[in-house]
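Q: Chain by chain, the residues:
Number of protein chains: 2
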Amino acid sequence: GGGFLRRANEGSLHEIFNRYATVNKNGEKFMTAEDFVIKYLKLLDDQNYNKDTVKLLAAIVDTSKDGLISYPEFQAFEGLLCFPDALYKTAFQLFDTNGNGMVSFSEFVEVMKKTELHRKIPFNMDSPFIQLYFGKDKSRVVSYNEFSQFLHDFHEEYAIEGFRRADTNGSGFISLSAFQEIMTSIKSHLLTKQVQSHLIEAATISQGGSRVSFPYFIAFNSLLNNMELVKRIYLNVTNGHRTQEVSKEEFMHSAQAMSQMTPLEVDILFQLCDVLHQTGYVSDFI
Amino acid sequence: GGGFLRRANEGSLHEIFNRYATVNKNGEKFMTAEDFVIKYLKLLDDQNYNKDTVKLLAAIVDTSKDGLISYPEFQAFEGLLCFPDALYKTAFQLFDTNGNGMVSFSEFVEVMKKTELHRKIPFNMDSPFIQLYFGKDKSRVVSYNEFSQFLHDFHEEYAIEGFRRADTNGSGFISLSAFQEIMTSIKSHLLTKQVQSHLIEAATISQGGSRVSFPYFIAFNSLLNNMELVKRIYLNVTNGHRTQEVSKEEFMHSAQAMSQMTPLEVDILFQLCDVLHQTGYVSDFI
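If you read the sequences in order, they're chains B and F.
Taken in order, the first sequence gives residues 1 to 286; the numbers are from full-length UniProt numbering.
Taken in order, the second sequence gives residues 1 to 286; the numbers are from full-length UniProt numbering.
Honestly, I wouldn't trust all of these hints.
Cross-link-like lysine-lysine pairs, in silico, BS3-like; alpha carbons within 27 angstroms at most [unchecked claim]:
(1) K51(B) <-> K120(B)
(2) K65(B) <-> K51(B)
(3) K114(B) <-> K136(B)
(4) K114(B) <-> K65(B)
(5) K65(B) <-> K138(B)
(6) K25(B) <-> K65(B)
(7) K89(B) <-> K51(B)
(8) K231(F) <-> K193(F)
(9) K89(B) <-> K120(B)
(10) K120(B) <-> K136(F)
(11) K187(B) <-> K231(F)
(12) K136(F) <-> K51(F)
(13) K138(F) <-> K65(F)
(14) K187(F) <-> K136(B)
(15) K120(F) <-> K193(F)
(16) K39(B) <-> K51(B)
(17) K39(F) <-> K136(B)
(18) K25(F) <-> K65(F)
(19) K231(F) <-> K89(B)
(20) K231(B) <-> K231(F)
(21) K138(B) <-> K120(B)
(22) K231(B) <-> K25(F)
(23) K39(B) <-> K25(B)
(24) K89(B) <-> K248(F)
(25) K55(B) <-> K65(B)
(26) K89(F) <-> K248(B)
(27) K136(B) <-> K29(F)
(28) K136(B) <-> K113(B)
(29) K89(B) <-> K113(B)
(30) K187(B) <-> K136(F)
(31) K55(F) <-> K42(F)
(32) K187(B) <-> K55(B)
(33) K138(F) <-> K120(F)
(34) K114(F) <-> K231(B)
(35) K231(F) <-> K55(F)
(36) K138(F) <-> K114(F)
(37) K42(F) <-> K231(B)
(38) K25(F) <-> K114(F)
(39) K231(F) <-> K248(B)
Since the hints were derived computationally from the structure, they do not count as laboratory data.
Pulled out of the complex, with its shape left as it was, chain B reads as follows (with noise of 0.2 angstroms):
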């Protein structure tokens, strides 16, 4: 869904920019970082914001990384949100902090280590998973493309690292609340407000009591980023009806005529709708 997004009209562009341009270099106007993040986006709080956050998020636009953001580079950056992959694109930017193109471990890690994310939970920069993209003396670049599947998997490979630190004795059980801690850090862009107010609920249930197995925690995590395909299988047993009931078993034949969904997803996904709305039907869940 949803249509192409129309380039911003040339002379509004440029009447927003000098608005907020509030450097002046032999007549070209020039937004600050402060300029763009905090008056132009208004991304932080204009009182207490970390100058650091905002000399990062203000180089994904600063292509040319002189501190300064000129008219075409924030042209240029208006164009890339137009791209189908500007979410990729932009988190390339982001990390690519010399702006020569590719992005080195150096450069992913200096971003890292400024998020929230890492202070929580820090990653292990030396983990095997960091070798095979950065090479094991982690001397190799990362193109954009490359770079956005490393990104992908980086999330699959952050709640691993969760999960592994969270089991501090190795037994392949973590707590209910390491779970929900682990899944609301590091996942939180796939649970809906439901789900993640239910997570506890949801694992007690499944796991019949005060933890969470491995299995168990790699199949929830495989059934969030593989939504479009459980809607998919289950209108495939609806013929297209988005409100009919479907059993446990003609989701499970249907799924496994089209799919690898493994049968500890299915049991998760009629758990979840069970807990969501006490039936044992997945109809409006998805």
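Knowing the structure of chain B, use the given hints to seat chain F on it.
A: Just chain F now, kept in the frame of chain B:
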């Protein structure tokens, strides 16, 4: 698609069993492992078969693990095959060699070591991946549902292990022939004949040289895992038409709106279409 499987007719099932059962014990008939695997299923060459393989396969049905298949066991297996998750259930019974309803680490190793795949590409049984499922001291036993998730992830992990072994100097790259070897050994169930015979060609075009990077490797596998999602994205762009040509930009737009497909995955998809059909369009590839 596809209807539910109906149970076999009781009389004819018994007749089939009696035709192949060569052991008679106190008036009750039993199939030997050879009766079942070689004579009835004709799974292996009857002149030149591996006895261990025959025993392993027969033990899936011989749930009492006494070395003989009774009629109730034969009948129960026929029933199991009618379940939508028959493949997962069969795999579980293959690995649950003592028939206690759980799979231990030693059972898993025992079966894996007998596979052709493990002989070709040995899997590191001390890896952190194994520890997450079986616990640090590998003493944890795994239930059916959990094992289904394990098997699913094991395939992914095996591919990564294959990459790591082929990347001998830890550069983050493997050769084209190693790429082909890993894909056909570990992921053949996801490769159509057409894709299989164009693997090297596709990777050469995409990587512009003689080696395959880790991000490419992962994106390629992720694409194959998510073909149902790819179909859905395609049909979303074409409004359900199955022969309409779709440009990369249109596809990417729909992909980002619906899913987390990465730009690299979309690239690979269009390169595959190029290789298989010499056009830049998705249309009838999927």
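Q: Run the distance test for K231(F) versus K193(F): straight-line Cα separation, threshold 27 angstroms.
A: 19 angstroms, holds
Q: So if I understand the rule, the pair passes when the alpha-carbon distance is 27 angstroms or less; does K136(F) with K51(F) pass?
A: 34 angstroms, violated
Q: Does the structure keep K39(B) and K51(B) at a Cα separation of 27 angstroms or less?
A: Judged against 27 angstroms, a Cα distance of about 14 angstroms means the pair holds.
Q: Are K25(F) and K114(F) close enough, with their CA atoms no more than 27 angstroms apart?
A: 31 angstroms, violated
Q: Does the structure keep K187(B) and K231(F) at a Cα separation of 27 angstroms or less?
A: 26 angstroms, holds
Q: Regarding the pair K138(F) and K114(F), is the alpha-carbon distance no greater than 27 angstroms?
A: At roughly 20 angstroms apart (the allowed maximum being 27 angstroms), K114(F) and K138(F) satisfy the hint.
Q: Between K120(B) and K136(F), does the CA-CA distance stay at or below 27 angstroms?
A: 25 angstroms, holds
Q: Do the alpha carbons of K25(B) and K65(B) lie within 27 angstroms of each other, as the hint requires?
A: 16 angstroms, holds
Q: Taking only the CA atoms, is the gap from K231(F) to K89(B) under or equal to 27 angstroms?
A: The given pair, whose Cα atoms are some 25 angstroms apart, holds under the 27 angstroms limit.
Q: Decide if the proposed pair is consistent with the structure: K138(F) and K65(F), CA atoms, cutoff 27 angstroms inclusive.
A: It holds: about 24 angstroms lies between the C-alpha atoms, which stays within 27 angstroms.
Q: Hint check: K39(F) vs K136(B), CA-CA at most 27 angstroms. Holds or violated?
A: 52 angstroms, violated
Q: Does K65(B) sit within 27 angstroms of K55(B), going by the straight-line distance between their CA atoms?
A: 10 angstroms, holds
The structure fails hints 12, 17, 22, 27, 34, 35, 37 and 38 (numbered hints given earlier, in ascending order).
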